[in-house]
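Participant: Residues per chain, in single letters:
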Amino acid sequence: MSSRDDILASVRANLPRADRPLPAVPLFGNTTPPSLLAAFKDSLHRMGGMFLDPPTSGDPLASVRAKIASAKVVCSTVPEIAGNRDITGVAAPHDLADVDFGIVRASFGVAETGSVLLSDVDLHVNAVAYLAQHLIVLLDPEDIVVNLHHAYRRPEFRDRHYASFHTVPSATADIEGVLIHGAQGVRSLSVLPIARELGSTTH
Amino acid sequence: MLTEECGFRHYMASVGIEVIETDLGERIQQLDNEDSSHVVVPAVHKLRTDVAEVFAKTIGTDSANSDVHYLAEAQREATRPLILAADAGMTGCNFAVAETGTFVVCTNEGNADLSANVPKLHIASIGIEKIIPRLEHLAVFVRLLSRSALGSPVTQYTSHFRGPRVGGETHIVLVDNGRSERLGMEEFWTSLKCIRCGACMNTCPVYRRSGGLSYGATYSGPIGLIIDPTFNQRKYSNLPFASTLNGSCSNVCRVKINIHEQIYAWRRVLVERHATPLAKRIEMKAAGELLSRPAAYRAAIAAADMALAHLPRFIIYNGLNAWGRHREVPHPPKQTFHSWYQVNRGGKQ
Chain A
119 MSSRDDILAS
129 VRANLPRADR
139 PLPAVPLFGN
149 TTPPSLLAAF
159 KDSLHRMGGM
169 FLDPPTSGDP
179 LASVRAKIAS
189 AKVVCSTVPE
199 IAGNRDITGV
209 AAPHDLADVD
219 FGIVRASFGV
229 AETGSVLLSD
239 VDLHVNAVAY
249 LAQHLIVLLD
259 PEDIVVNLHH
269 AYRRPEFRDR
279 HYASFHTVPS
289 ATADIEGVLI
299 HGAQGVRSLS
309 VLPIARELGS
319 TTH
Chain B
2 MLTEECGFRH
12 YMASVGIEVI
22 ETDLGERIQQ
32 LDNEDSSHVV
42 VPAVHKLRTD
52 VAEVFAKTIG
62 TDSANSDVHY
72 LAEAQREATR
82 PLILAADAGM
92 TGCNFAVAET
102 GTFVVCTNEG
112 NADLSANVPK
122 LHIASIGIEK
132 IIPRLEHLAV
142 FVRLLSRSAL
152 GSPVTQYTSH
162 FRGPRVGGET
172 HIVLVDNGRS
182 ERLGMEEFWT
192 SLKCIRCGAC
202 MNTCPVYRRS
212 GGLSYGATYS
222 GPIGLIIDPT
232 FNQRKYSNLP
242 FASTLNGSCS
252 NVCRVKINIH
262 EQIYAWRRVL
272 VERHATPLAK
282 RIEMKAAGEL
292 LSRPAAYRAA
302 IAAADMALAH
312 LPRFIIYNGL
322 NAWGRHREVP
332 HPPKQTFHSW
342 YQVNRGGKQ
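Chains as they are written, first to last, in our numbering: chain A, 119 to 321; chain B, 2 to 350.
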């Protein structure tokens, strides 16, 4: 017998005989906030992320352009803004080690936690979201769900190979409980609410 | 944790493969040749000056600089080239979903996602108890984990792996190592519900004083007391006795494991199976005889107090008295509580 058969046989033999039906989990979304975007912004701030308020007039991407103005290497995976490192030309993840700013679009956001979901389809090369020093995420305000229960009903968890909730930049409190942003992944994470360009929908 | 439980790092070293921990706390412990002392905060027992000393010796930081930001930055810069050059990245798993074949890794530092997404090869080791039925159940557990561990709504990174990335390979190793056997132990199987949030450790009065290393096992704290004996009953036979049975751990447990009741149950099981050392069995038998006879007990206490007050040091601090090995024995009271009570309150209601 293989070790796999051994384990399965042992589990079958030892399974507790509990007569309990599989529980159905409710969506817990009865208290939907009046504005999902405002709730998302609050959660993001609470966790230590940056929310880029869209300008009332003029270039909606002005705040992003200002951020990347003095950066050396910018890798963008979105059509809205151009970088100087073409992600489609990246042969191996290592080639992204010197990226200062990564710019990506989230599949969706979660108001409850201030998280954005970045999948392999959004990132092209997953490592860009971790090797870049700073990450800027575009989020369509229409793509915000109320909580994690709603989030797990989304199709991304069934049709993508990789999908990750990012909630503010990487952090550690492993030395004396002192909170430090910029542990091993990105040092900062900013979210700009901006509608998807027509025709660029990925789901 | 799972790889420590299996002695993975030592084994790999013996076949010439170096394993590098990428979590800051784990890395501090690895560089200091020490085991992890907490499931969520591995180097919780070290002060910043201790970390500065370890890093100065190993990764060349300034030993006089114990600024926490400086130390964390130094580890980031020292670890990144190692990740970029690694042939394989390994992760554990917090939850695995049977319905979709997804496994979920929760971290705050981003180290797991770097390890999984930079080297070509990703290997995930998963304890079989991490498997939950459906995606809809995952929401409950993801919401529960970080709230119970750190009090934050969610971990910084909650990553879902369902297949390899383009040009990469993903391998999953499902580990039993005694888990399926534990499933058949009527009194103890619910310990498999543990999500490793560390809440029981943070509340435990014993753990908070003694620290995790004193347990001498991969899993410390209250949860360690009830799962370590399932790996080796003889080696860990003393652990379930190191508890006051105050029940704080059971009160805070988010997955409702009756930890303190299982600690008590393990004592019975270990004694029945003669897994406890002979000296302890003799002591317990003698204590049982004595405690069942109040007059004899009172006489023994008075005699012991008298002896402690008058015996020379070399007798009290002999090799057999473990209580005197690392500390001073407390001064004996002038009279026992019972005799004090008789004098001061005797005969009164």
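Keep in mind that a hint or two might mislead.
[Claimed, not checked] Using C-beta positions, here's what the derived DEER-type ranges look like:
1) B:A280 with A:H212: 56 to 62 Å
2) A:P144 with B:E329: 20 to 26 Å
3) A:S120 with B:E182: 14 to 20 Å
Please keep in mind that the hints were generated in silico from the structure rather than gathered at the bench. Note that this is a predicted model, so its numbers are computed, not measured. Every residue gets a Cβ at the ideal spot worked out from N, C-alpha and C, and that includes glycine.
Participant: Next, verify each hint and record whether it holds.
Facilitator: Comparing the hints with the structure gives:
{"no.": "1", "hint": "B:A280 with A:H212: 56 to 62 Å", "verdict": "holds, 58 Å"}
{"no.": "2", "hint": "A:P144 with B:E329: 20 to 26 Å", "verdict": "violated, 59 Å"}
{"no.": "3", "hint": "A:S120 with B:E182: 14 to 20 Å", "verdict": "holds, 18 Å"}
Of the numbered hints stated above, the single one contradicted by the structure is hint 2.
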